[in-house]
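Asks: Here's the letter readout for the chains.
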Amino acid sequence: MNKRLFVQITLGLGLVMAVPAMAQAQDAQAKDALARVKAEGVLKVGTETAFAPFDFIDATGEHAGFNVDAFAEVGKELGVKIKWVELPWDGVLPALEAGQFNMVAGPATITKARLERYRFLSPVAEATVAILKGAKDDSIQKPEDIAGKTVGAGKATAQLAQLKTYAATLPKPVEMREYPGFNEAYADLAARRIAAVANSLPNIAYVASKQPGTFAVVKPPFGQKSYFGYIGTKKPDDQALLDAVQTALVKIKSDGRMKKLQEKWFGTAFDTPDVAPEPSF
Amino acid sequence: MSFDVSVVLAALPAILSGLKVTLGIWLAAAAMGVVLGFVVAALRHFGPAPLGLALRLVVEVLRGTPFLVQIFLLYFGGPYVGLSLDPVPAGLLGLTVYAAAYFSEIFRAGFAAVPRGHVEAAHCVGLTRAQIVRRILVPEMTMLVLPQCVNMAVILVKETAVLSVIAVPEATGVISAIGSQQYAFLEALFLLAVIYWGLVEACGWAGRMIERRLSKFRFA
Amino acid sequence: MSPRLFELMLKAAGYTVAISVAAIAIGLLIGLLVCAAKLSPRPWLRWPATLFVSFFRGVPLLVQLLLIYNLLPVLGLAVPSVVAALIGLSLCTAAYQAENLRGGFTSVPRGLLEAADMAGLSPWQQFRRIRAPIALRLTVPALVNEAILILKASSLISVVGVVELTRTAQNLAASTYEPLLFYSAAGGLYLAINWLVAAGGSLTERALRRGRLA
Numbered sequence: 001m002n003k004r005l006f007v008q009i010t011l012g013l014g015l016v017m018a019v020p021a022m023a024q025a026q027d028a029q030a031k032d033a034l035a036r037v038k039a040e041g042v043l044k045v046g047t048e049t050a051f052a053p054f055d056f057i058d059a060t061g062e063h064a065g066f067n068v069d070a071f072a073e074v075g076k077e078l079g080v081k082i083k084w085v086e087l088p089w090d091g092v093l094p095a096l097e098a099g100q101f102n103m104v105a106g107p108a109t110i111t112k113a114r115l116e117r118y119r120f121l122s123p124v125a126e127a128t129v130a131i132l133k134g135a136k137d138d139s140i141q142k143p144e145d146i147a148g149k150t151v152g153a154g155k156a157t158a159q160l161a162q163l164k165t166y167a168a169t170l171p172k173p174v175e176m177r178e179y180p181g182f183n184e185a186y187a188d189l190a191a192r193r194i195a196a197v198a199n200s201l202p203n204i205a206y207v208a209s210k211q212p213g214t215f216a217v218v219k220p221p222f223g224q225k226s227y228f229g230y231i232g233t234k235k236p237d238d239q240a241l242l243d244a245v246q247t248a249l250v251k252i253k254s255d256g257r258m259k260k261l262q263e264k265w266f267g268t269a270f271d272t273p274d275v276a277p278e279p280s281f
Numbered sequence: 001m002s003f004d005v006s007v008v009l010a011a012l013p014a015i016l017s018g019l020k021v022t023l024g025i026w027l028a029a030a031a032m033g034v035v036l037g038f039v040v041a042a043l044r045h046f047g048p049a050p051l052g053l054a055l056r057l058v059v060e061v062l063r064g065t066p067f068l069v070q071i072f073l074l075y076f077g078g079p080y081v082g083l084s085l086d087p088v089p090a091g092l093l094g095l096t097v098y099a100a101a102y103f104s105e106i107f108r109a110g111f112a113a114v115p116r117g118h119v120e121a122a123h124c125v126g127l128t129r130a131q132i133v134r135r136i137l138v139p140e141m142t143m144l145v146l147p148q149c150v151n152m153a154v155i156l157v158k159e160t161a162v163l164s165v166i167a168v169p170e171a172t173g174v175i176s177a178i179g180s181q182q183y184a185f186l187e188a189l190f191l192l193a194v195i196y197w198g199l200v201e202a203c204g205w206a207g208r209m210i211e212r213r214l215s216k217f218r219f220a
Numbered sequence: 001m002s003p004r005l006f007e008l009m010l011k012a013a014g015y016t017v018a019i020s021v022a023a024i025a026i027g028l029l030i031g032l033l034v035c036a037a038k039l040s041p042r043p044w045l046r047w048p049a050t051l052f053v054s055f056f057r058g059v060p061l062l063v064q065l066l067l068i069y070n071l072l073p074v075l076g077l078a079v080p081s082v083v084a085a086l087i088g089l090s091l092c093t094a095a096y097q098a099e100n101l102r103g104g105f106t107s108v109p110r111g112l113l114e115a116a117d118m119a120g121l122s123p124w125q126q127f128r129r130i131r132a133p134i135a136l137r138l139t140v141p142a143l144v145n146e147a148i149l150i151l152k153a154s155s156l157i158s159v160v161g162v163v164e165l166t167r168t169a170q171n172l173a174a175s176t177y178e179p180l181l182f183y184s185a186a187g188g189l190y191l192a193i194n195w196l197v198a199a200g201g202s203l204t205e206r207a208l209r210r211g212r213l214a
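Chains as they are written, first to last, in our numbering: chain A, 1 to 281; chain B, 1 to 220; chain C, 1 to 214.
Keep in mind that the hints were calculated from the coordinates and are not lab data.
All of these numbers come straight from a predicted model, not from anything done at the bench.
For every residue, glycine included, the Cβ atom is placed at its ideal position computed from N, Cα and C.
Please note: incorrect hints may appear among the correct ones.
As the list claims (entries may be wrong) - EDC-like, lysine to aspartate or glutamate: derived pairs with alpha carbons at most 20 Å apart:
{"hint": "1", "chain 1": "C", "residue 1": "Lys38", "chain 2": "B", "residue 2": "Glu201"}
{"hint": "2", "chain 1": "A", "residue 1": "Lys210", "chain 2": "C", "residue 2": "Glu178"}
{"hint": "3", "chain 1": "C", "residue 1": "Lys11", "chain 2": "A", "residue 2": "Glu62"}
{"hint": "4", "chain 1": "A", "residue 1": "Lys164", "chain 2": "A", "residue 2": "Glu175"}
{"hint": "5", "chain 1": "B", "residue 1": "Lys20", "chain 2": "B", "residue 2": "Glu201"}
{"hint": "6", "chain 1": "A", "residue 1": "Lys31", "chain 2": "A", "residue 2": "Asp243"}
{"hint": "7", "chain 1": "A", "residue 1": "Lys149", "chain 2": "A", "residue 2": "Asp138"}
{"hint": "8", "chain 1": "A", "residue 1": "Lys44", "chain 2": "A", "residue 2": "Glu97"}
{"hint": "9", "chain 1": "B", "residue 1": "Lys20", "chain 2": "A", "residue 2": "Glu175"}
{"hint": "10", "chain 1": "A", "residue 1": "Lys149", "chain 2": "B", "residue 2": "Asp86"}
{"hint": "11", "chain 1": "C", "residue 1": "Lys11", "chain 2": "A", "residue 2": "Asp271"}
{"hint": "12", "chain 1": "A", "residue 1": "Lys259", "chain 2": "A", "residue 2": "Glu73"}
{"hint": "13", "chain 1": "A", "residue 1": "Lys260", "chain 2": "A", "residue 2": "Asp271"}
{"hint": "14", "chain 1": "A", "residue 1": "Lys219", "chain 2": "A", "residue 2": "Glu144"}
{"hint": "15", "chain 1": "B", "residue 1": "Lys20", "chain 2": "B", "residue 2": "Asp86"}
As the list claims (entries may be wrong) - Here's a subset of chain A near chain B, in silico, CB distances under 10 Å, partners left out:
{"hint": "16", "residue": "Leu160"}
{"hint": "17", "residue": "Tyr166"}
{"hint": "18", "residue": "Ala167"}
Just chain A, with the same shape it has in the complex:
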């Protein structure tokens, strides 16, 4: 029966292709994360490249930003190269948990819920959330003026959670729009589809400084004071590696390199503690 032969040949081919891949995967599990990173000479970092000024694609098409510079320093300290994995933000944390990369740049706002699940390294910037509005929009003078308006934020972000908490305290409901990334939210604000975007101060200050005719920051920030940090998992396998990155970060902070980077990208240096204080939300 010719069919049988055909079936056997094709099924056999399939098996031959699958087996080596599995064997390789098991081999890689043998050492801990730090040893593997050192052996390969590569630290894999997941991030979203739509979070200026931390990670973004500049006008020449290059991946640039605070994170690129900061991790270049971390790479020097550890003696490894950095390999970036670029994902939409709502895909970054799932992929970290799945083990697709060693850690996440982001950075992520340090929150209670995230602290329960992830290990945060030394904070790198302030993350307090504020409102970005259209430059010519006079109807929003203070944060509470967003009541009754449509406000956008990134999906699966702490900024969105802060916005929701804040909106609940306002007299009129705020309509939320959740975007795959903040760039889409800025674009919609520029197109006047939404009245405001809620994001952390360093981000929107940067955006407003780049396009002063289009955007303006509404002061003061409405969110509770918070910090941005890089994160890793709580898996035992990852801890030695995260310890090493933490040591590198603290060193970069203490010798003044971090301050220079903050001034370069945020226009101002933040006083960020070596260890994140207990978050208030």
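With chain A held as given, fit chains B and C onto it using these hints.
Replies: Chains B and C in isolation, oriented as in the chain A frame:
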């Protein structure tokens, strides 16, 4: 890896609202896409040649580019040319136009497949052009194109998932957002897989039922 | 658009083509496998193949890709972004190609096979010389169609971290504030690629009809 059913249950109202948006956009876009596609096919078949050529160009462009790019262009490029639509209308318009391009090709093939003799015979007995379309072409074609239309409807269900990129609160967007909030990433993905799989299978089953019902009208 | 950015777009288009071509080729192999299983008289082969086809045709590619990227590593199989994208696209197209191939194989006229039997051709010879060439010829138009579908579907693989044509356009649209320009350019490039594929397909078809290939 753990699967936490309680996450799904707690978020049920939000999930259902997302499902409603998915179903609504899907059915509306499919229905309007069929009508628009039919008009395009008819204009290409019966209309003046330059119009036919222009329509052909539009259809080729729509069929030759990813839906994702089309929806980006419509939503983020639109405001630059004075077309500033909110997510749901933009998604509905984008999906309808996309669907119409494919439906028009299905109908065009359908028109061509109706035996010429039937049309000629209708001419001979004095039927007008409109009557020929209504009484000969459409009924005969319906049977010919039904399986492909069902296929296209199935493709459209899946394309609605793409609309989450322009912040349409449909099932994929809503459920993955809940997954992120609750750190139940895999649960959200499994739920999405099951929902779409179910919708697609149900759509296919419905298509086969209609086909069986209509099979008595098979002429060609 | 500056020459440098246009070059980036072209490179990204090249990436899109490379991944799509690889996925279509791997998908064809897996599709053959699944088709063989579906045509098998054994239910334990037929049943999983039917399930495979139903699943990969029933679930949006977006969800499939995320499942592969986030689930396989948990199950102990390391899949970096490109591999995950390749697996996702390949399995998805395999499901469609299996159905196309099945259509091809089942339309090989029985008389031809009976004649081959009489002429003493072994089952393998029958497969290689009669069934496969005829099925292939019958499925070329569907294969070209599938290639175009996969090229377009590859616009979704950025969700697992592959920066291809659409993602590049998205990045540059954001950094230059020119969405109209970059999304149109991306659309134009997809159109050009697909037009080339379609032209190549009809040439192949014509050659096959004249019996020059296969």
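Asks: Would you pick out the hints that fail for this structure and give their numbers low to high?
Replies: Numbers 11, 17 and 18, in rising order.
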